[in-house]
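Participant: Line by line, the protein sequences are chains R and H. For the first sequence, counting from 1, position 63 maps to 63 in our numbering; every step adds exactly one. For the second sequence, counting from 1, position 197 maps to 361 in our numbering; every step adds exactly one.
By construction, these hints were calculated from the structure, which means they are not laboratory data. Be a bit skeptical, because a hint or two may be false.
[To be verified] In silico EDC-like links for lysine to aspartate or glutamate, alpha-carbon gap of 16 Å or less: (1) R/Lys125 <-> H/Asp417; (2) H/Lys433 <-> H/Asp417; (3) R/Lys125 <-> R/Asp143; (4) H/Lys352 <-> R/Asp143; (5) H/Lys433 <-> H/Glu409; (6) R/Lys16 <-> H/Asp170.
[As the list claims (entries may be wrong)] Non-contacting residues of chain H with respect to chain R, defined by C-beta distances greater than 12 Å in every case (computed): (7) Val175; (8) Ser178; (9) Thr200; (10) Glu224; (11) Arg272; (12) Gln273; (13) Lys285; (14) Glu305; (15) Glu311; (16) Pro337; (17) Lys352; (18) Asp355; (19) Ala386; (20) Asp403.
We put the beta carbon where it would ideally sit given N, CA and C, even for glycine.
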Amino acid sequence: MSLHLNINGDDRLSVKDPLTPLVDVLRDEFFLTGAKVVCREGFCGACTVLLDGRPVMSCLIPVGLADGCTVRTVESLAPVGALSPLQQAMEQYDAVQCGMCFPGMMISLTHFLEHTPNPNRDQLKGALTGNICRCTGYERIIDAALSLAAERSSGMERDDHGKS
Amino acid sequence: MPMTDDRRFYVARSLPDALAALAERGHAGVPLAGATWIMRAPIRQERQDLSYVAISRIDEFRNVEILDHEIRIGACVTHAELATSLAFLPECRAIGQAAGGSANPAVRQVATIGGNLCASKFAAADLVPALMCLQAELDLETPRGPERIALEQFLQVRTSMEPGWLLRRVVVPRTACRSVHVRLPLRKAGDYPVAIVSMAAVLSTSGLVTSARVVVGSVEPAARRWKRLEADLTGCALDTGSAAEKAEKYSEDFQGRDGIEAPGWYRVKVLTSLVRRAVQAIQQES
Chain R
1 MSLHLNINGD DRLSVKDPLT PLVDVLRDEF FLTGAKVVCR EGFCGACTVL LDGRPVMSCL
61 IPVGLADGCT VRTVESLAPV GALSPLQQAM EQYDAVQCGM CFPGMMISLT HFLEHTPNPN
121 RDQLKGALTG NICRCTGYER IIDAALSLAA ERSSGMERDD HGKS
Chain H
165 MPMTDDRRFY VARSLPDALA ALAERGHAGV PLAGATWIMR APIRQERQDL SYVAISRIDE
225 FRNVEILDHE IRIGACVTHA ELATSLAFLP ECRAIGQAAG GSANPAVRQV ATIGGNLCAS
285 KFAAADLVPA LMCLQAELDL ETPRGPERIA LEQFLQVRTS MEPGWLLRRV VVPRTACRSV
345 HVRLPLRKAG DYPVAIVSMA AVLSTSGLVT SARVVVGSVE PAARRWKRLE ADLTGCALDT
405 GSAAEKAEKY SEDFQGRDGI EAPGWYRVKV LTSLVRRAVQ AIQQES
């Protein structure tokens with residue numbers, strides 16, 4: 001059984017068992033190792049990707065259900081060598097520690113900020129209930145996301161190279 | 165002989181297609197909707213030689229119909245879709261709160277109402293008590309033809325039904341009730357709830373409870389109604405203090421299950437507080 005997925009803009013073919021978790025297909029078959037395998041229970045969010053524009057736990061998606069779908073991983077958020085505005089904000093706020101949770105955080109926050117352009121702190125925390133971080137305590141992540149939202153509201157958004 | 169990929173995983177394109185595929189597979193056949201429960205079967209050390217019939221590509225299973233007298237929810241409507249669809253219906257507040265607060269945002273994008281009802285070992289399913297307090301019924305397709313069954317009854321028979329059945333949709337009658345879904349997770353959000361109380365009440369113009377349905381979830385292996393409390397609330401004014409006293413008195417009606425997140429006695433112990441919160445929330449709807 002061949003499965004057709006559009007991954008980060010490229011049409012790809014998977015020959016894996018349709019019950020293989022999508023995260024394993026992304027990492028093992030397509031070498032997109034941004035999404036991490038941690039809990040395999042849909043709690044931690046380290047495997048979060050966008051499936052047809054929706055953030056999902058790729059450890060709980062059988063690749064057979066992703067046939068014909070578009071998938072976006074953290075690798076797609078910015079061109080190679082560049083950082084997305086959200087990633088730049090995280091760097092500016094020194095928000096990353098071990099990095100294990102961050103690909104999933106970036107996917108969740110990218111989607112959330114696209115749909116909720118002016119969030120408050122509680123809304124951001126609610127959006128991250130499926131992204132567990134054991135290192136940071138979340139506050140700098142929230143601060144960085146709020147700063148980006150404020151920049152966008154004021155029309156001062158930076159591009160992928162950090163320029164406003 | 166190991167099953168081929170096509171046998172292990174089949175994507176149905178229509179209801180007749182799904183029913184035929186399930187009939188062909190007999191006891192080994194299982195409908196697959198969002199897959200969030202089934203994909204964790206290895207962690208639960210459950211059998212993995214089943215044959216899955218994916219039903220999420222069947223258009224009618226993704227629909228929410230809001231009619232004058234009832235709401236019809238396709239079996240593959242996700243929690244996120246359900247929360248959005250019912251956001252403006254005050255009488256369905258319990259369902260909207262259950263769907264909008266379950267698990268986490270990413271799981272809510274995929275987990276379905278059908279999966280939540282049919283996962284018989286999932287004691288902490290949020291939608292079950294919320295739908296039960298609003299008197300939901302289920303439209304099933306069985307080898308004998310279509311059947312409608314009350315959710316309460318479905319929970320009693322869902323593990324013993326003849327193979328080849330499929331949940332098609334959930335039907336919720338529209339009434340003039342006020343409802344609420346109160347859950348207690350260990351963290352503020354994102355965890356399985358330790359206990360759930362879903363409550364629906366109809367109040368007279370003088371503020372007396374003319375009917376009450378209280379459903380407790382996650383305390384025992386399956387959600388069920390708290391009938392003694394319902395009877396004692398009926399005919400009285402809705403008051404948080406007296407409701408909590410009655411809940412305390414009747415908490416012995418439940419035998420809490422021990423689990424990794426909480427012992428059984430704790431699940432029962434918190435019911436009084438959850439009833440208090442539920443009554444307070446219903447009072448605030450006026």
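Participant: Would you check the hint for R/Lys125 and H/Asp417, treating anything up to 16 Å between C-alpha atoms as holding?
Facilitator: 37 Å, violated
Participant: What's the verdict on R/Lys16 and H/Asp170, does the C-alpha distance respect the 16 Å limit or exceed it?
Facilitator: Satisfied, since the Cα-Cα distance of roughly 12 Å is no more than 16 Å.
Participant: Against chain R, does H/Thr200 keep a CB gap of more than 12 Å to every residue?
Facilitator: 5 Å, violated
Participant: Taking the minimum C-beta separation from H/Asp403 to chain R, is that value above 12 Å?
Facilitator: 30 Å, holds
Participant: Say whether it holds or is violated: H/Ala386 keeps its Cβ farther than 12 Å from all Cβ of chain R.
Facilitator: Holds: least Cβ distance 22 Å, greater than 12 Å.
Participant: Are R/Lys125 and R/Asp143 close enough, with their CA atoms no more than 16 Å apart?
Facilitator: 11 Å, holds
Participant: May I ask you to check that H/Pro337 keeps its beta-carbon over 12 Å from the closest beta-carbon of chain R?
Facilitator: For H/Pro337, whose nearest Cβ neighbour in chain R is about 31 Å away, the distance exceeds 12 Å, so it holds.
Participant: With d taken as the least Cβ-Cβ distance between H/Lys352 and chain R, does d exceed 12 Å?
Facilitator: At about 8 Å from chain R, H/Lys352 fails to clear the 12 Å cut-off, so the statement is violated.
Participant: So is H/Gln273 really clear of chain R, every C-beta pair being over 12 Å apart?
Facilitator: 4 Å, violated
Participant: So H/Lys285 supposedly isn't at the interface. Is its beta-carbon more than 12 Å from every beta-carbon in chain R?
Facilitator: 15 Å, holds
Participant: Please verify that the nearest CB of chain R lies beyond 12 Å from H/Glu311's CB.
Facilitator: The claim holds: H/Glu311 sits with its nearest Cβ about 28 Å from chain R, beyond 12 Å.
Participant: Can we trust that H/Val175 is non-interface, i.e. its beta-carbon lies farther than 12 Å from all of chain R?
Facilitator: Since the minimum Cβ distance to chain R is about 7 Å, H/Val175 lies within 12 Å and the statement is violated.
Of the numbered hints listed earlier, those contradicted by the structure are 1, 4, 7, 9, 11, 12, 17, 18.
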